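Student: Chains as they are written, first to last, in numbering that gives the first Met the number 0: chain C, 0 to 417; chain W, 0 to 417.
Honestly, the hints are just simulated from the structure, not real lab data. Accuracy of the hints is not assured; some may be wrong.
In this list, chains with the same sequence are indistinguishable; a pair is considered to hold if it fits within one copy or across any two.
Restricting the straight-line Cα-Cα distance to at most 27 angstroms, the calculated cross-link-like pairs of lysine-lysine (DSS-like) are [unchecked claim]:
(1) K99 to K89
(2) K111 to K244
(3) K102 to K244
(4) K9 to K64
(5) K102 to K357
(6) K226 to K357
(7) K241 to K196
(8) K14 to K354
(9) K89 to K111
(10) K111 to K226
(11) K11 to K335
(12) K111 to K99
(13) K89 to K279
(14) K357 to K89
(15) K11 to K354
(16) K417 to K276
(17) K267 to K14
(18) K150 to K335
What you are looking at is a predicted structure, and each value in this text was computed from that prediction instead of being measured.
There are 2 protein chains.
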Amino acid sequence: MSLKDLIEKKAKATKEASRILSNSSLHDRNKALMYMAEGIKKNSVFILKANKNDVLNAKRSGLSKAMTDRLTLNNKRIEEMAASIKAVVKLPDPCGVIDKMWKRPNGLVIGKMRVPIGVIGIIYESRPNVTSDCASLCLKSGNAVILRGGKESINSNLAIHKVLQDALSKTGLPLDSINMIESTDRKAVSYLLQLDKYIDLIIPRGGEGLIRAVAEESRIPVIKHYKGVCHVYVDKEADINKAIKICLNAKAQRPGVCNAMETMLVHKDIVDKFMPKAIKALQQAGVEIRGCARTKKFSDKIKQATEDDWYEEFLDLILSVKVVNSVDEAIAHIAKYGSAHSDAIITENYDTALKFLKQVDSTCVYLNASTRFTDGFQFGFGAEIGISTDRIHARGPMALRELTIYKYIIFGNGQTRK
Amino acid sequence: MSLKDLIEKKAKATKEASRILSNSSLHDRNKALMYMAEGIKKNSVFILKANKNDVLNAKRSGLSKAMTDRLTLNNKRIEEMAASIKAVVKLPDPCGVIDKMWKRPNGLVIGKMRVPIGVIGIIYESRPNVTSDCASLCLKSGNAVILRGGKESINSNLAIHKVLQDALSKTGLPLDSINMIESTDRKAVSYLLQLDKYIDLIIPRGGEGLIRAVAEESRIPVIKHYKGVCHVYVDKEADINKAIKICLNAKAQRPGVCNAMETMLVHKDIVDKFMPKAIKALQQAGVEIRGCARTKKFSDKIKQATEDDWYEEFLDLILSVKVVNSVDEAIAHIAKYGSAHSDAIITENYDTALKFLKQVDSTCVYLNASTRFTDGFQFGFGAEIGISTDRIHARGPMALRELTIYKYIIFGNGQTRK
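Isolated chain C, as found in the complex (with noise of 0.2 angstroms):
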């Protein structure tokens, strides 16, 4: 059988597993989902050694050494995968709800209620905790899921894969509800995504040239965000404490992530005020600044920013900052250099915070916090699939009920239409 017709017949079985799992119990799940957690600590041997065998391969091939970070299993990471699926145990199960209910003048009551969306489809770089993560939240929420990693933890995916699949062996719940891509061929993604017949939605979990590489080619929906070009405007009517603490925190605190601060908007009228101690603040905590002319006055160390510095984001201890004489200029700046995902205002004034918060077309628009939290624990989702800075379905962190659509359902008692 060809590689393509391989991908087709899995994407096909996951189609109708899918179609299983979505009127199986949510105890049937639930236990399933135990039985992967406790499998996951009971192989960690199994699944360590297939590590070992990437990580050694990753060595030779020169991987970075954040990459191969990322690709190292150890215990406690192992320890850290089954207690995250134990936590999706306890989460509500997002299926079933009904989110309105509504009587029309004819008698016939119409209920919404969120039901699986189907078949998910995910796509992610070489870090193994993906696979049971994003498995567990599939399997909670009643979709099939098809699993494509990078290729260079195909050892500890493959290995973590048999051990969920072992777990759903021992329940009534189809095995082809999880599946692996088992090819690292390249093409077998570039298959994968013209299966719009058996896939519902396709995530992809890493950096912006995967995303971008899968948007382009996929028929299927995908649901993500390229970047995190995130904001903090610092009104002339800021709380100056709050406002260091908050910029510190949502630059310094991991600078890597997608809800970092990348750029600081400081008002003309609190630049004197405001300006020096967050610098000296930013310094200290190791932040090279990119600044314009005005910012640059306040420290010998501040190189000029440039016109791309605005676009970048930095994932790193690196801040640009631009001083704008209006919380319109501000809001113009995240418009036209932002990335929709995560802005923030610190302000005491009600006037200008709503009009920040009307006004910033962001997923995440935040008053007097950091940009850290736009994050599916932080939110209180109790787990997080992905962040999405689209325009369709759902925005922001993703979590079980993102996972799940509508249907509507209709009561009558012999209604005909006239």
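Given the coordinates of chain C, work out where chain W should sit on it, guided by the hints.
Tutor: Same frame as chain C, now just chain W:
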């Protein structure tokens, strides 16, 4: 400028207009809608003249009678177009609605606020009223729109579009809020469908051929349904009078629409009581019946249904009928042959009803009512821009709410992430 560049320029302008529109007041949008409704009525002579050209061309080129009828405007239809826009004015603003708001342990208050999607592309057949219907729904929901109607209606569409833009010019809203592709070149659609940079969602309106062509080619998400192969399952515990009334309504009240019944499934235990009466009533209404072997026994005039008939959307006074042994067989038949549009069960048994409502994975699942109610107006939405059988963003009848998405607004007082 090449056609491709022209289309791109227009799409870019529409995106820019959408940013202004998304921050416009309901008052301004409603005022524009009122001017639009008045403009349509005041310029009826102008519109009807343009339409006459289209109709003459259509007759010359041998367009079918049904399509020419849909193309043709008259004073009554002009009045209806204006009335539809006025009805949209009365609907509540779908934007700014806070679906949900919650407080986190750290004091952050998170709100989920509805916002416009952005730019909607509507690709439709030669029905001039779609121009004003879709433009008004997009404007009301704060979305900019790019319209591309069938080439047979180009003169009518251009005339209506001129009237709509004249109405916009009386307000402060940007003219590019309602744009139209003026070229009838098929390539214009191809170019448009690549512009995911500027267009957020495509809604095709028309027959299966148009929709498939659009979905095939689009890089932009498309929300759609291909067809409506709707079923009514008459359970062994059905109330026979209800069942006959509903089946007759679902098939014969308006057979040419997507929510009409195409297949009737009847439980074997009720066949003898139900079938003679039902077949008589259907045949009296002019319905041609294509049945399974067990159905054929009830009338000499029943043809043998072929395998293809079960998949068929007849859109006509033709019905396929099958006797099934159980509700499970009915559910399996619907899963295999249906189009996930609208399916009904007629039963007085609580368990059977619940099973059908849960397990039938269609957009609208009815209990003891006609499938003909799948419609934005019948659901109480006050409008309809399309019906979706897709599995993300929106399913079933789509109106104003389905033209919005959400953003999160987060209220803090200095929170930073630990």
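Student: Could you tell me which of the hints above the structure violates, numbers in ascending order?
Tutor: 4, 7, 13, 17 and 18
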